[in-house]
Each structure stands twice: as C-alpha cells, then as structure tokens.
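K.L.:
With the hints as a guide, bring both chains together as one complex.
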Amino acid sequence: MVSPPALLITFMENIRFENITKIFGSIVANNNVSFSIDTGEVFCILGENGSGKTTLLNVLAGIYKQDEGRVYINGKEVNINSPKDAYAHKIGMVHQHFKLVNVFTAFENISLGSKTKYTVQQVVDLCNKYGFKLDPFKRVYDMSVSEKQTLEIVKTLFRGVDTLILDEPTAVLTPQEITHLFDIIRNMRKDGKTIVIITHKLNEVMEISDRIAILRKGEYITTVKTSETNEKQLAELMVGHKIDLNIHRSKIPTTGVRLHIENLSAVNRDGETAIKDISFDLYGSEILGIAGISGSGQKELLETIAGLNRETNGSIIFTNPKKEQPVTFFHKNIKQIRELAAEGKFHLKDGSRCDLTNKSNKEVTEMVNNEEIIFYEDEIIDLKYKKPIEIRDLGIKLSFVPEDRLGMGLVGSMDLIDNMMLRSFRKGHAGLLDRKKPAALAQKIVDELEVKTPNIHTQVKKLSGGNIQKILVGRELSSRPKILMTAYPVRGLDINSSYLIYNLLDEQKKKGTSIIFVGEDLDVLMALCDRLLVLSNGHISGIVDPTKVSKEEIGLLMTRG
Amino acid sequence: MEKVAVKEKRNFRFPLYVTKKIGLPAWKYWLIRIVGILGAFLLAGIVCTVLKPGTFGLFFSELFRGCFDFTDITTIIELLVLTSLLLLIALALTPAFKMKFWNIGAEGQILISCLVSAGIAKFAPSDLPNIVILIMACGGAMVAGIVWSVIPAIFKAFFNTNETLFSLMMNYIATVLGGLAVSVWIKSGSQSFGLLKQGIFSEIMGSTGTLTIVFAVLVFILVFFYIKKSIHGYEVTVVGESVNTARYVGINVKKVIIRTMIFTGAIMGLIGFLIVCAINQTFNDSIVGGKGFTGVLIAWLGHFEPGEIALFSFLAAVMEQGTTTAASAISMSSFLFSSICTGIFFFVIIACEFFSSYQIKAHHNKEFMNYYGEQKALRREKYSVQDQEVKAQYRKDFAAFFTTVKNAKKEKIKAESNAFKRFMKKVGYALSYPFMWIKARRTFNKQNNRRFSFPRLMKNIGYGITYPVFWIASHIRFAKQNKKAMKGENV
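One line per chain: the protein sequences are Z and U, in this order.
So that you can map any letter, position 31 of the first sequence is 31 in our numbering, and since no number is skipped, the others follow by simple counting.
So that you can map any letter, position 19 of the second sequence is 19 in our numbering, and since no number is skipped, the others follow by simple counting.
Pulled out of the complex, with its shape left as it was, chain U reads as follows (with noise of 0.2 Å):
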C-alpha cells in the first residue's frame, strides 16, 4: 500500500478570491450600472485626450451638442431615431432571446429585408400610389424576414442544430446576396445604387425617418404584452426556462420554437423597410452596420425586459451619435472613433455585469495584516526624505496658486455671453478638473524654480500603481517568514 510522506504546510495562499454575490438589492445593482455608464463616457474622454493630447473638455461639450442641441430640433430627431432603430432590433431579439434561441443573425436577417423593400421601391410601376408600393415593400420585406429567421428555427426545431452558428452563417449569405443584387441594379456607369425616387416617405421636422420613433412607440408596446401578458409569451418563457417543464404541460416545444421566430422575422422585416425607405432611401450591402449586433448587447444587457433596452438603446445612440459629431470636431475619422468609443461603452457595462454578480475577496488573516502594515509604515519612513515643514509649506503655496487659477477660469466662463456655450463650458471645467491640478502644479513648480524631479515623479505614480502588487509581494513574503519560523519551531 502507497505511504504518502505528510508534506510540509503551506501557508501561502493567494490572497484574493471570486466570490459570488447573492440578494444584490436593486439599488445597489443600479448604483453600479450608472457608475459604469458615467465611468465609460470618462474613458471614451480619456480615450480622445489620449488620442489628441486637450481635448477632454472639448469632447464633452461636442458631444452633449451632436444629441442635444435645443437651438436645432433635427439632431434631437436624428438621436431618437437612432435610439428607434437600436430599439426596434433589441425588442425583435428580446422573444427569441426569452426562449433561450441565440438568433445572432439580427444583421443578415434585416438586411434580406432591406435587399427586398428597395428591390420593390425601385421596380414597381411608376404609377402606383406612393403609399401602395410602401405597403407592398413593407409586405416584403417581412416575408423575407420571416424566411431568414424561419430557417434557423426549422432546423432547430427538427435537428436540433445549433442556432448561434446557423444564423451567423446566414448573415453572410444575406451579405452575399446584396452585394450581388447592388451590381445586377447598377446601370453601368454610376457608381452607386442612387436614391430611391418613389416608394419613400417624406420629410417630417427635417428628417425622413421621424416615423420610425412611431413605430418603435408601437412594436414596444407590442412585445411588452407579447412578452409579459400574452399566452404565446407565458410559453415562450416556459420553453426557454426548460424544456422539460414545457412537456411536462403539454406545450408543443417545436410549434413555439418556430412561431416566436416568425414573430421575430415580421419585426427584422419592419425594420429592413424603415431603413430602406425611411431613414436612407437607398441600398448598400453594408446599410445595416453592425447595428445587428449591437442590438443583441442592447438586449442582453436590457435582461430582455423592454423598459431596460429601451434606456440602454438610448445610450448607445448618444455614445454613437455624440462621439461621430465629436469626432468631426476634433478632425479624427468619425467612423472608427464612434466604433471606439462604443466598443468602450458596452466593453464596461458588461464588466459592471460581472462586478454585479460577483465580488473579489481577500482572505482575512489578523497576523498577515498587522505585519502588512508594519511594512506598509516601513515604506512609508523610506519615501519621505524631504523636510516636513519644507514640504508643509509647499503644499500651502501651491493650495493659494492653485485657487488663483480656478478663479481666473471661472471668470473667463463667466464672461461668455451665449448661455448655452456658457453651460458646456462649465460641464468641461468640471470634468476637466484633475488635468488642470496636473497643469497648475507643473506651472507652480516652473514659477518656484522648483526643479522636475523625476524620481519624485516616479514614486509617486510608483506608489499608486504598486499598491495591490505590493499588498501581494507582502503577503509572499509573510508567509515565507512564518514558514522558517514554524520550522524554527520543529528542529
């Protein structure tokens, strides 16, 4: 029989844990959200001033003035159109979501509909009404819709494929087939598929697209019953919280599977419509534009419960629609910049999702922390060579030059005459506060003759970022000493 030696204890464990964390109340859940969404617009600022070194007070007021410029009602149009749009994709997603049918194919599933809503607007007859032939694409393109998102469903329902893959796939034939539809349609010699001249809605208060927010207002309140009050909704539910149970009551598991998708598949054809013959009035293979996609984070992160995407498809417009009119401002490519910074937006409320859910601990140990903090005041001892009373004083002067400079700023506000110019200037300062402590202090010590100092600068920072390794090199360090000691004891 194996005799196994009892081995040396170790003592050292890391430090830190993942724990989960139960019965989260809600407003502590939320505090966490609006910190995370407050916290990625800050970055994406951060991200500017990275990107061209000043303008962090800039990119603010841009973007507050791309969504919400009073003194011009067309770019309040614009965002909640955009908003609509991510909305009506969301809530298209958020049944089959439910059911627990990852549909990724948002993007293919729309643009089939777009392909066949501007096939229709630019072959039918010239001499039909206007309102027949949008009617007629909008019939269409739901037809196409359904078809896209229909077979994913057939498959699963019948072979249980697996749907993720299925309608990923299906987005790039939808891709395929509009390319190849754009260069059958061209006539030789333009460039492009040009506008639609009939089949489109008119201008209202200085965009096309105004009536799409109407029909977002109406698919909302469609899915919230669809959803929370209907019987099809209850099943949808039950199917996609477990199988079994749905057998167990008797529901037909293949009938829902296909049935919500049709549902979903008329929602991706509005929305194909709307954006062919509402907002753009034209085609491209590339007219959706990840907005798909997009709208599966909308969803996911909205819990499938309409009221939350509805918010978080208003945020995403005004990171998108802000940060394109901030990029305009600061000369940078608007289109990647806005891909930035909304790349930033979902990458930290997701992170928000994970700090919701879980909670990173340190294990608790008395004779680890009171050694830790004799080290931490060894180290303490070790940085401050400087004089105290020298360092006193110059922490005062600089207190009164630093005042000096807030007040001359603040002037320099109030004198601006235009009010609105005034409010974003003030929201700038705000934010801009710890870069004008940064530009203050180094004006301070140029005035003073008080000379860089690079090593001073260096532990300062050092002293910051080395804080958790520090806390863990300790920890290492701990333990190895309260091993010789135990062995100490043994021998």
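Only chain Z is shown next, with the shape it has when bound in the complex (with noise of 0.2 Å):
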C-alpha cells in the first residue's frame, strides 16, 4: 500500500457538523448548522455574544444533545450522549468557567475521574513538550487564572484528546499570557492535534487561525481562510452589514478635580483585603479608564465610592462645581441652608456676605425662589461611611452603572417603568407611587436609546443583553450625573450595542461628566479612555495615558505583584 502523502494527511476532515439544529424552549440557539474542520489546524469560530458558538461546541463536547441533525468524526456518524462519550471520540473542551477542585493540587485534579494512574514526572514531561508552565503541588485557590486555564488545558491533554476545543480562552489573560497561550498553541498544532477556539475578537482570530467559520444569530454563514481574508470583511461577515470599528475620543480640556481619593482601603464581602492604598484624581470631562485582570479590585473600587462598601479606610472627597452657582431646594432644606449660610458658605448677589440669622423662613424660601443666595465656592463633601441613600440626599449625582445588570443594577421581573423608578421612587405622594414620570421617562429612553421592546411594560429580564443595557445606561444618566461609574458596560453585547455605549460616555464627556470606565477589552480601554488607571492585586501600579504606551507595557504593569 502506497501512504498519501503528507499534505493529505494534515488536510483531512475530522469533525463534521450537518445540519445541526439545537432549540431552547422558543430559542434557537443553532439553524441547520453544517461545516467541517480539518486534522491539524487551528480553527476558529467566530460570533458575536449569542450567537450560538458556544452551543455547537457542546454539543460536540457531549454537554448538549443536538435536536436535529447529526455530527461526523472521520467520515464515521457518532452519537456524542456525555463528556465521557467525547472524550472517548478524542474530544475535549476547555470551558470558559473553569471546572476545577479548587482545594486540590494540579496534579490531583488531573488525575481526577481517570482510571488509569500518572506520575508527576509525566505530567512534568507534557509540559516540557508543549512550553505549559505548571507546578504539579501547586492548589487551584492559590492559581491565577492564567494558571488555572493552564491546568484544564494540561488536564484535557492528559485524556488523550487529538481534538481540542478552547472556548474564549484570551478574555482573562494579559497580553503577555495571550501570547504565551498562542505560542503553546502553534506547539500543538505542530504535534497534529486540531485545536477549536471560539471566540469574538477580530486581531486574535487573524494572529492565530488557520480557518474561521463565522455564526450569525444561529446561523453559519461562510467558512474563510485566514490568509485570504482582513479584520474588516471578518467584521462585516460577523454583524450582517458595514460598520465603523473606530472608537471616537474628543479632545477637550478637563476641569477642575471632581473626586480626590487618598489612601482608600476596602474589603470584600468575605472580609479580605480587595483595595489597599489607592489614590487619584478624577477631573471633570474626562474618562478615567481602569485596566486590570478580572478581581483585582475594580469592584469593590467602585462599590466603595458608590457607598455600597462601609469598611474602608481613606478618603473620598467629592468637589461639586457649585462655585456661583444658587442654591436650590432641590438637595438642601431651609435648616441646612441656614446652617451653611452661618458658616459663610453663601454670598449675595451683589457679593456681599450672606446673613439669615434675622430673616424669616419665608424670606428665605423667597430669596432662594428668586435665585439670590449664590454658592461662594465648590461644595466639598467627604463620601466617606456614606450610604447611597445619603449620598442621593447630599445632591451628589453620582451614577453607578453595576457590573451585574440584573443581579444589582435592575430587577429582571419588573417592567421597564418600575426599572426607571428604582432611582426615583421615594418621590411619591403620601406612601403611594408616582408611575407617570417614571413612565415619561422609560419612554423617552426607548426613544432616544432605539430600546428594542415590544412595549414599556415588558419585563426586563425578557429584553436582550444589550436592550437591558441600554435601559440602565439610559436611566443613570438621566439624572444628569457629575460622576459616572461603570462597571464592564459592554459585557455580553453584540458590536452595535457597544459602539453606542462608547459613543454614550464620549458625549457624555463633552458634557462635563467624569467618568470611570471599567473594562476588560485592552484595545477598547486605549481606544475610549483620556487616562488609564492600572489595577494590580488591589493596589495601583500605574496610572498612564494611553496614547503613550504600548499594549505590553500595561500588560505588564496588570501582573506586577
């Protein structure tokens, strides 16, 4: 017998998918989905949120069983029931919330569930093979997440898998660490083995792949190849029609400091140190964006500010730009404004000094009616053990648009208007509430914001990502914030919700607002921010701007212990 020679090899089909249909409830998650993936490459595929990449390749990984159609391994029908059935075919999937014992070693969650038993030495010897960076004794509490990825990659080696199936394997990972898993990626290729990586993120799926199937709300549209295609086409080919994937950042001077924290400390809920000794300026008309791995302390920075976070150390203080300015009785009663008055915190029109210790309370209800009792200087307010509800009651417009959308920032099961009053509901009249402003309001942000909603009194939770995004972004601007904080606001969001949310901040921005971006995406952070403020385990290793340093360099300045 003659052996094929060895291109043929390399370029065999391994996988086929024919017409894969898979439903949840009225959902379809994959429509007659058919492709092939060859023996040896590295093939990417290529979706927005939602898509349904995910699905597919459980299916392929046994944790799903397809409704329709039928999937091919070596020209040969399988019927994939469990994890087990595809580890049996050689199929192993590296899933993006890791499943790891997380009070075991390495090397005994590798040996896990396996019925044969391994040395160390073996496992010492794979990683050598391959350039893994493990320590075998080491416990998965103590990994970061770079380590733990490594581990369940080592750990689906170690079942014999020829077919590798990484889902979203660089949303965590530094650049450094992304270039280090693509390295050990080319390795294994190298060996023969076929490595699929789902993913959403254009420059990875050029630098990486040889083969890209590209899904669309749960339809396959084509196969390209890598070296025939651009960043551009893939992007057209992902959302159905042109788009613009530049991010506009204005340029316009920044007022005066608006938060000035000193030394801020916090824990977390378990009561470990999250942030310790963080200290910067926040100026006005600018966004501050903060880069850093995931759990580093972005949340319980902002939570802390936010008032949510009573056990801290440090300062928050905040300036409101209230310098000539006339005090209103919108935040302050007629006590209050008494008491600042006394201590010669008012001026007159004319610029003479402010006295009420004479005057009746309805002379001053009229003097501030008619404007004349002017702010002599910006109100400095220390944030510090404040609750919200107190924060809200000082007039600091602060807004705090919540990593968890609606676990913190929305209630799923509640319509869109009783969403807008969860702000607001305390103005009511006589215990009960008021639901036409709120109604006003909820309509006004479907409006602006294109909400896609059959109606305003449509549960929240029935929206899509991007909708109930947008109808929390909407209504914590709406109160015209000084401050806004916002937590991964384009997680889970297809390309056109989350250029709209940038260009939301930017306005946003020209109109005097401070911003705090928190994001994961490095490219958009640079893109989108004026500063970017560098979160380490907890503490600031570096506040720079972006347009001065490279990817690598924060990259860097993200692990630096």
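These aren't lab readings, by the way, just hints derived from the structure by calculation.
Heads up, some of the hints might be wrong.
Said to hold, decoys possible - Each computed DSS-like pair below joins lysine-lysine, with the alpha-carbon atoms no more than 30 Å apart:
{"no.": "1", "chain 1": "U", "residue 1": "K255", "chain 2": "Z", "residue 2": "K335"}
{"no.": "2", "chain 1": "Z", "residue 1": "K90", "chain 2": "U", "residue 2": "K484"}
{"no.": "3", "chain 1": "U", "residue 1": "K228", "chain 2": "Z", "residue 2": "K427"}
{"no.": "4", "chain 1": "U", "residue 1": "K414", "chain 2": "Z", "residue 2": "K427"}
{"no.": "5", "chain 1": "U", "residue 1": "K414", "chain 2": "U", "residue 2": "K396"}
{"no.": "6", "chain 1": "Z", "residue 1": "K427", "chain 2": "U", "residue 2": "K100"}
{"no.": "7", "chain 1": "U", "residue 1": "K361", "chain 2": "Z", "residue 2": "K462"}
{"no.": "8", "chain 1": "Z", "residue 1": "K436", "chain 2": "U", "residue 2": "K483"}
{"no.": "9", "chain 1": "Z", "residue 1": "K387", "chain 2": "U", "residue 2": "K98"}
{"no.": "10", "chain 1": "Z", "residue 1": "K397", "chain 2": "U", "residue 2": "K412"}
{"no.": "11", "chain 1": "U", "residue 1": "K480", "chain 2": "Z", "residue 2": "K90"}
{"no.": "12", "chain 1": "U", "residue 1": "K361", "chain 2": "Z", "residue 2": "K461"}
{"no.": "13", "chain 1": "U", "residue 1": "K229", "chain 2": "Z", "residue 2": "K387"}
{"no.": "14", "chain 1": "Z", "residue 1": "K217", "chain 2": "U", "residue 2": "K98"}
{"no.": "15", "chain 1": "Z", "residue 1": "K217", "chain 2": "U", "residue 2": "K21"}
{"no.": "16", "chain 1": "U", "residue 1": "K414", "chain 2": "Z", "residue 2": "K437"}
{"no.": "17", "chain 1": "Z", "residue 1": "K437", "chain 2": "U", "residue 2": "K229"}
{"no.": "18", "chain 1": "Z", "residue 1": "K115", "chain 2": "U", "residue 2": "K396"}
{"no.": "19", "chain 1": "Z", "residue 1": "K427", "chain 2": "U", "residue 2": "K229"}
{"no.": "20", "chain 1": "U", "residue 1": "K229", "chain 2": "Z", "residue 2": "K436"}
{"no.": "21", "chain 1": "U", "residue 1": "K98", "chain 2": "Z", "residue 2": "K461"}
{"no.": "22", "chain 1": "Z", "residue 1": "K437", "chain 2": "U", "residue 2": "K21"}
{"no.": "23", "chain 1": "U", "residue 1": "K254", "chain 2": "Z", "residue 2": "K387"}
P.N.:
Below, the structure is given as structure tokens:
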C-alpha cells in the first residue's frame, strides 16, 4: 500500500457538523449549521455574543444533545451523549468557567476521574513538550486565572484528546499571557492536534487561526481562510452589515478635580482586603479607564465610592462644582441652608456676605426661589461612611452602572417603568407611588436609545443583553450625573450596542461628566479613555496615558505584584 | 498517557425527556389550570366512588348542594365566610412572600392571636360595653400576632437565620401555650372552654361570622394597594427580587423585612380575633385547624396576586365545605373525607403548575417511528381474533341498547317535579356517563348470553395501560436490532 502524501494527511477532514439544530424553548440557538473542521488546523469559530458558538461546540463536547442533525468524526456518524463519549472520540473542551476542584493540587485535579494512574514526571514531561508553565503541587485556590486555564488544558490533554476546544480562552488573560498561550497552541498544532477556538475578538483570530467559521444569530454564514481575509471583512460577516470600528475619543480640556481619593482601602464581602492604598484624582470631562485582570479590586473600588461598602479606610472627597451657582431647594432644606450660611458658604448677588439669622423662613424661601443666595465656593463633601441614600440626599449626582445588570442594577421581573423608578421611587405622595414620570422617562429612553422592546410594560429580563444595558445606562444618565461609574458596560453586548455605549460615554464626557470606565478589553480601554489606571492585586500599579504606552507595557503593569 | 478505547456506540437513549416551556400564552396557562381544577373535582368524585361504590352522582349533587343551596342563604354565607378566612390568611402572607420571606408560621401567629382575644373577651369586666371589649380583643390579638411574626423577622434581619424553620417552630410554641391556657382557664368539672358570653359579634343573616366577609373585602383592597401602589410595596418587591439591588438603590433591607412582618402580623391578629369573636365564639388549641398552611398554598398558587388568591380561596372553600356536606350524606367521617378531597385539589393544581412550566417530549426518530408502526400493526392483528362481522353486529346491537338505557334515565329525570333536584340529577347524569356505559355493557352481555370473558377484559385494559410501556419497550427492541445490524456491517 502506498501511504498518502503528507499534505493530504494534514488537511484531512476530522469533524463534520451536518444540519445541527438546537432549540431551547422558543430560542433557536443553532439552526441548520453544517461545516467541517480538518485535522491539524487551528480553527476559529467567530460570532457575536449569543450567536450560538458555545452551544454548537457543547454539542460536540457532549454537554448538550442536538435536536436535529448529525456529527461525523473521521467520516463516521457518532452519537455523543456525554463528555465521556466525547473523550472516547478524543475530543476535549476547556470551558469559559473552569471546572476544577479548588482545594486539590494541579496533579490531583489531573488524576481526578481517570482510571489510569499518572506520575508527576508524566505531567512535567507533557508541560515541557508544549511549553506549559505549571507547578503540579500548587493548589488551585492559589493559582491565577492563567494558571487555572493552563491546568484545564493539561488536564484535557491527559485524557488523550486529539481535538481541543477552547471557549473564549483570551477573555481573562493579559497580553503577555495571550502571547504565551498562542505559542502553546502553535506547538500543539505542530504535534498534529486540532484546536478549535471560540472567540469574538478579531485581531486574535487573524493572529492564530488557519480557517475561520462565522456564525450569526445561530446561523452558519461561511468559512474563510485566514490568509485570504482581513479584520474588516470578518466584522462585516459577523454583524451582517458594514460597521465603523473606530472608537471616537473627543479631545476637550478637563475641568477641575471632581473626586479626590486618598489612601483608600476596603475589604470585600468575605472580609479579605480587596483594595489597598488607592489614591487618584478624577477630573471633570474625562474618562478614566480602569484596567486589570478581573478580580483585582475593580468592583470593590466602585462599590466603595458608591457607598455600598462601609468598611473602608482613607478618604473620598467629592467637589460639587457649585461656585457662583444659586442654591436650590432640590437637595437642601431651609435648616441646612441656614447652617451653611452661618458657616459663610454663601454670598448674595451683589457679592456681599449672606446673613440669614434675622430672616424668617418665608423670606429665606423667597430668596432661594429668586436665586439670590449663591455659593461662594465649590461644595466639598466627604463621601466616606455615607450610605447610597445619604449620598443621594446630599445632591451628589453620582451614577453607578454595576457589572451585574440584572442582579444589581435592574430587577429582571419588573417592567421598564418600575425599573426606572428604582432611583426615584421615594418621590411619591402620601406613601403611594407615582408612575407617570417614570413612564415618560422609560418612553424617552426607549425612543432615544432605540431600545427594542414590545412596549414599556415588558419585563426587563425578557429583553436582550444589549437592550437591558441601554435601559440601565439610560436610567443612570437621566439624572445628569456629575460622576458616572461603569463596570464592564459592554460585557455580553453585540458590536452595535457596544459602539452605541462608547459613543454615549463620549457624549457625556463632552457635557462635563467625569467617567470611570472599568473594562476588560485593552484595545477598547486604550481607544476610549483619556487616562488609564492599572490595578494589580488591589493596588494601583500605574496611571498612564494610553496614547503614549503600548499594550505590552500595560500588560506588564497588570501583573506587577 | 491514557489510551481510551473507542467504545461501541450506543443507539439507545431514554425516549422521553423534560424541557422547559418558554413563552406559554396566558390563555393556555389558564386552560391548563381550569382543566386541572375540573380534574381535581372529578378525581375527588372517583375517590368517593371507590370508597363507597355507586355514589359518584350523589357526591356531586351533595357537593353542589352544600355550597350553593339557593333555598338556604346560610350555606352561601358560610361558604363566603370560609372563603374570606382563607383569603385573609393568604393575603396576610402575600407581602412577606413577595419579599421571599417564607413565613409558614401563619398557624401559630393566628393561634396566639386567638388565645389573646379569647382571654380578653373572657376576663374583661362584664360592665364594659360589648363594642369596647371587641376593640380591646382586636387590639390585643393584633399585638400578639405582630409579636409572633416579628420575632422570626428580627432574627432573619440581624442574624440571617432561616425564617422557614423559625416560623414553623413558633407554631409549636403557640400550640403548647394554647393548650396550657385552656387547661388553666377551664374550671374543674367542665370539659371545654365553653362559648364566650361577652365580646362577640351578634348573628347576621344566620351566621355570626358574616362580618368576616366585610373585613376580607377591606383587607383585600388594602393589600392590593399596599403591593401595587405603595412605596412600601415597591420596596418589598425589590428586596424580594434582589437584595443587592435594594442595597444599590439605598433601601434599608432590615427595616423592610421587619416592617413587612409587622404588617403581616397585624392582619394575622385580625384573623385570630375574627375566628374567636365572630366565627367560633370559643377557643381550643386546634381552633385554626390547619388553615394557616392552606393559606400558604393558596398564596403560592395565586402567584401572590390578590385577584388570583381570591379565586383559589373560593375554590378551596368550595372543596372543603362541599365535601363536608357530601361526607355526611354518604355517611363518612366528614373531617377525614374533606381533608382527603382538599389534598387532592391542591395536589392536582400543583401538578398543573408543573405542566405549565415544563413539557415532556419524545425524541424525534423517523426510523424508529416506522418500526414502531409496524410493531403496533402486528400487535393489533394478534388481538383481533374474533370474526370482524360478528364484532360489527355486536357493536350495533349494543349501541341500540345503550340508547334505550339512556332514554329511560332521561325520562326519569323529566318526571322529577322539583326543579332544583332535576337540575342536580342532570348534572349527576352527565358526570356518571362512563359508569352508565360500563353498567349497560354488563347488562347487555348478560341478556345476550355473551359470557363474561376475563381474557378479553384484560386484553382491553392491558392494551390501554401498557400503551406507554409498550412504546418504550419497542424502543429498546429497536435499539437492540439496530445495534445488531451495525455489528453485522462492521464484520
């Protein structure tokens, strides 16, 4: 027998999907998807969030069972009912959320659930072969995200897989770690393994893959060779129409310090120190980006500023730009105005000192209504130990778009109107709710931000991620905030909605708002932000100008102990 | 490195699987519920027939008579009082449940209020006017109810204890206190607490509890506005949906938990007061009789919506009162029988909740369906041993006989002079149709000397029962055959 030429072996068909359909209730996750993956290639599956990439590969890995369609491996139809079956066909998957036992060591995690006994030497040999950096005796809870991922990959390789599926492997890694991972992937390809990568990041796809399959809204669009395409074409295929991939960063001069934070430390819910000795200034009309590996204290920092975390050290000083502005009854009552006047905080229109001691309440009310009492200087308020409600009562317009949209920012089972009320429900009369203003606001947000919803009485959880985020951001912006804090505002959003959010933030910046933007995509952070604060392990490892540093330098800052 | 041998591929999977139903339209959901409610009543009738054969029709006519006897206003008032009581309990629980505070201590909270109002009514100075005693009893009961429901709330708010266990345990304390009080209060010689002589409502329209209906309507309106329109109700909903969100918007979660349980406790106190001073006018330690737990079920089935809760309170009341009347008519223990029937009612409706959110589906497999069709045809053939013509003739004859039986019964009903009884008989006739059919069939067999054939009966029953089993069995057989065929190919 004559052996086939080497090239033919390399590009032999390995896995073929035929008309795969998977339906969850009324949602069609995959509709008639058919394509094939060759042996020994790095194959990317590209699509926006919710386009059914993970579902499709979960069918291959035995997590789900397809409703219709067939899977062929090496030309034979197979029936994969469980991950065990998948391993039997030499297919292994590394999920986005790792499935490891926290209290076990790396070696124990590898040995777990397999019938044959391994030695530590075997693990070390395998790591050397492909270039993994892994300490077999380190316990999982001591590991960083990147180490955990390495362990997952090694664990899967030890099951003897030939096809390795990686679900969004770069989402949680620093640029250096990504480079390292790509080196390993190339090593594995040299060894004849097939690697399938699920991702939505275009630049990484262009860097690593041989071929790319594109999914859009559960439908298979096409497969392209990486050498014959470019990022722009991929983006168009992915979204379905032409899009502008440039993030707009308007250049306007910043105004004075809005928020002064000094030596701020805080603990997380478990009582561990989450942030320590954070000091920075936030200026008006700027976007301050916060970069860092997830879990470096971003969430705690924002929650501490918003008054949700009470056990803190250090100071948070807010400067309310009130100079030369008249005082209003909106957030100050007569008693407070009298007290502040006694302290000399106000002056009158003609510049003379404001003395209210001999005036009756009626006169003071009249003066306030005629805008006669004017702030002498900016109002300076210490936010430390203040609850969210106290912060609101002080008239500090501080908005917070939390990371957890439905668990914190909004209530999923309530309709749009009731969600609009979350910030303003106390403004009712005689203990009863006023739903008219929130309804008008909801309608306004739906119209202005183009929220796709049947009507404003729909439950929020029934909308898509992008629309939910639009509602949350719209509500937080509706109070015309002085400071806006956003945590991962585009997580899980499609490209269109992401760019809409970026533009909204930029517009807010133009209006003078100070914005804190916590993001995970370094490219976006560098394109959008005026300054970039890098958090590492709960403290600031650097505040840099994104136009002057490279991605790699920021990556180094992110991992600096 | 481990080498895993590629296993034989398995072609068999369990033919049925459960998936979630998403986007069920409201009318379908209610259709399922209505079918469930009717099914519950039917099942209760069947249980009745099993216990006392031949009482299927009687059960329904008595059930109806016990609740909606238009000749006697007292039955309807009593039904409404029972409905109001269940409604009040479920409404009292609703705000707490909306907050996801699973208070199952309604029984104890009401019992302790009953105890306090009974004590006040019994030992109040007799020269006070009745209305003052009533107000005192009501106030005392409310305080007792508030104390009993706030204790778990305080522990939940400050120490994060489990409110379900806590409130359940409070029930037992209340029962012991109730028993203790009765044994202390009763004078030696007499066996029971005796009827209250002061601090009671007088009889209106044949029942002392008539005012309960008014209170229920008032509390219904109050709870409706509290949940839907008030700021408090809004806070309760936010806390229930997500404590994180509540903290984020600056709601004081501890305050909301305690405040809501005070609201619940006040209504619980009112219920206890009504039970002692209006409805029963006496006291013992089992005076609540499990209604506290029924209320929990009703609140759940009504999805914490006051309107739905009212509906289910009414249905549960119909079931309880109707079956009590029916039990006495067919000489059974009324308490036991009505408990069984109420149990059936809730069981069936809760099962409906399952079917409205999940569906059982079969895997699609064309090859298998073809195979299954063949097997089915073979099986049919096997059992159709009789001559087809003889069978057809028999069917015709029986149809004619059944028509005469039906007509005879209809004539009998027509001859009935009392319009109400005639109506009830008609209902019974409709419901007992399948049993009539079986009876007619047996008579017809006897008349035609068609011997009773046990195999034939078993065949008919068996075919019906084993239908799903057979379906699965043939699936397994199909898988096996398929596997063999695959092996044959490989060799």
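K.L.:
Compare the structure with each hint and give your call.
P.N.:
Hints and how they fare:
| no. | hint | result |
| --- | --- | --- |
| 1 | K255/U x K335/Z | holds (27 Å) |
| 2 | K90/Z x K484/U | holds (25 Å) |
| 3 | K228/U x K427/Z | holds (16 Å) |
| 4 | K414/U x K427/Z | violated (67 Å) |
| 5 | K414/U x K396/U | holds (27 Å) |
| 6 | K427/Z x K100/U | holds (25 Å) |
| 7 | K361/U x K462/Z | holds (24 Å) |
| 8 | K436/Z x K483/U | violated (67 Å) |
| 9 | K387/Z x K98/U | holds (25 Å) |
| 10 | K397/Z x K412/U | violated (82 Å) |
| 11 | K480/U x K90/Z | holds (26 Å) |
| 12 | K361/U x K461/Z | holds (26 Å) |
| 13 | K229/U x K387/Z | holds (26 Å) |
| 14 | K217/Z x K98/U | violated (36 Å) |
| 15 | K217/Z x K21/U | holds (21 Å) |
| 16 | K414/U x K437/Z | violated (64 Å) |
| 17 | K437/Z x K229/U | holds (14 Å) |
| 18 | K115/Z x K396/U | violated (69 Å) |
| 19 | K427/Z x K229/U | holds (13 Å) |
| 20 | K229/U x K436/Z | holds (12 Å) |
| 21 | K98/U x K461/Z | holds (18 Å) |
| 22 | K437/Z x K21/U | violated (35 Å) |
| 23 | K254/U x K387/Z | holds (14 Å) |
Consistency with the previously given hints fails for numbers 4, 8, 10, 14, 16, 18 and 22, ordered from lowest to highest.
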